[in-house]
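In order, the protein sequence lines correspond to chains A and B.
Our numbering puts the first sequence at residues 25 to 331.
Our numbering puts the second sequence at residues 25 to 331.
Relax, there's no trap hidden among the hints.
Note: identical chains are not told apart, hence a pair may lie in one copy or across any two.
Subject to a maximum C-alpha distance of 20 Å in a straight line, what follows is the list of computed EDC-like cross-link-like pairs (lysine to aspartate or glutamate):
| # | residue 1 | residue 2 |
| --- | --- | --- |
| 1 | LYS195 | ASP234 |
| 2 | LYS129 | ASP62 |
| 3 | LYS300 | GLU269 |
| 4 | LYS129 | GLU108 |
For the record, the hints were derived by calculation from the structure and aren't laboratory data.
All figures in this text were calculated on a predicted structure; none of them were measured in a lab.
There are 2 protein chains.
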Amino acid sequence: MKLTALGSGVGGAGLADGLQRVVGENLAVIVNTGDNFDLHGLRLAPDLDTVMYTLADIANSETGSGIAGDTFNNLDMISRYGGEDWFRIGDRELATHLLRTQLLKGGSTLTRTTLSLAQSLGVRARILPMANEPVATIVNTNAGELAFQEYFVHRRWQPILKSYRFYGIDKARVTPEITAALQTAQAIIFCPSNPFVGVEPILSVKGMRDLIKQARVPRIAVSPIIGGESLDGVTAKMFKELGMEPSAFQVARLLRGAIDRFVLDRLDEAQAPLIKDLGMRVWVTDTLVRTQADRERLAREIVEWVS
Amino acid sequence: MKLTALGSGVGGAGLADGLQRVVGENLAVIVNTGDNFDLHGLRLAPDLDTVMYTLADIANSETGSGIAGDTFNNLDMISRYGGEDWFRIGDRELATHLLRTQLLKGGSTLTRTTLSLAQSLGVRARILPMANEPVATIVNTNAGELAFQEYFVHRRWQPILKSYRFYGIDKARVTPEITAALQTAQAIIFCPSNPFVGVEPILSVKGMRDLIKQARVPRIAVSPIIGGESLDGVTAKMFKELGMEPSAFQVARLLRGAIDRFVLDRLDEAQAPLIKDLGMRVWVTDTLVRTQADRERLAREIVEWVS
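Turn these sequences into a full structure, and let the hints guide you.
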């Protein structure tokens, strides 16, 4: 079965990993690139990398970012030189940034660059950046306008979110690789990701919503909100700051039009009727996946549901 | 006493370290940059860095390059990605290259960039690149024309040298910082360095020879050849391949016009008359310096000789 997943962050990477364990190279994952940014002259792509390291089985599962067992001697030396050290890049991770930056400078698209790096790491699924054009998520907060990583990492998402926008999104276009992935998928799966700054950038790329709507296949979302909380903390906080209750129902409402099925945690079973009223089919199961076995079990249930 | 030294490589860095121990911030060191090159989109300056790490007391004295106690996890990951890994950059060292490249891209000259990095590491002497303009040493060998690091590191200086040239040298000019250092120096000291690819590039920078000749102060060289051998191996090999006997006398002959005094190892005392015949004063001592105490002792003898 050919699947195309969309996602960002640790939650997105986790379910993508489960799906890869089930369908292997028949998986494509469209990943948010709105959090990409430049540091030390290098092009960083935190969401892409989290998905890549997770699918390559080298992710640091404790911190949720970077490579397992990485060291930080480069960062120590950057600090000693008085350089910018708030974004902690591991020594191994830095290789990804160096090679990505070089490939991009050499004229490779972000898509080809990502596929090449992922292939070197033995990733079977196709990891597809949402667009080749640079897009930058900017958040407007009580501390002013902030670039996404400045908000997310440097200030640990403590400023209160008022609004957000995706700078450059008007120039971003779906890639031929994404078009092919969405047109050939037998199901489209929205992994549990932040709907505002993780999924919305992807859906805002010109052509993306239409391709998803035109696909005559099951389009399923898994909620990043379970029992009013999000694994990452920040997603639930954003719901509240944007004036919405953090709930699976709100997630379903935000994705209305793009999906026709919803995977709900048992904890939120009471919301099933509300979500069905949005015109969606609902599957209730355990969606809190922490281990690789959990991820694979959830992925298998989803694949069976759409088969 | 204000001193200006010239040099390259481990030998150059070693005596510069000794001189810094004797005169501290009254030392300026003009360093070869003909071995600078680009790797992974970064600007590397191996000779500059060897001098900088040595004067900052963080050099890896075992390998003669890089930072003591550095790790190579980045390099391992570069290899895993199938990237270029013949030039071994340590994790800590990579911070120097990242920040140098960023400063240069931001419009800082190589001189200001180097002074800023060195200051962060607590270096007291002024480390001055021979020029701000890029110069690339190209060697013509029995294996064809090779960029210097390709010859020196990748092929471990095994190809037989036929000739060499300094690409870009016609555009290189002495910097204001070098002019000031040479005009105010009370002695000019040629550290024990490869005369062909370490010292000759420096002397080939437009304006350099004239400034040195015009200085009415002692101009001293310390031989990199002791008993027909060089510490680095490669210098003595180059003499032979270029049809010259590796000897202190040949070093003195090559530097004729630029120097008026010569420091000779006891082992080579028999060559003293020959060197005196070139019109130079000669000081005989132990020039094989391996420890910091050795370096400081040799530096102190030189300072006393010219005082």
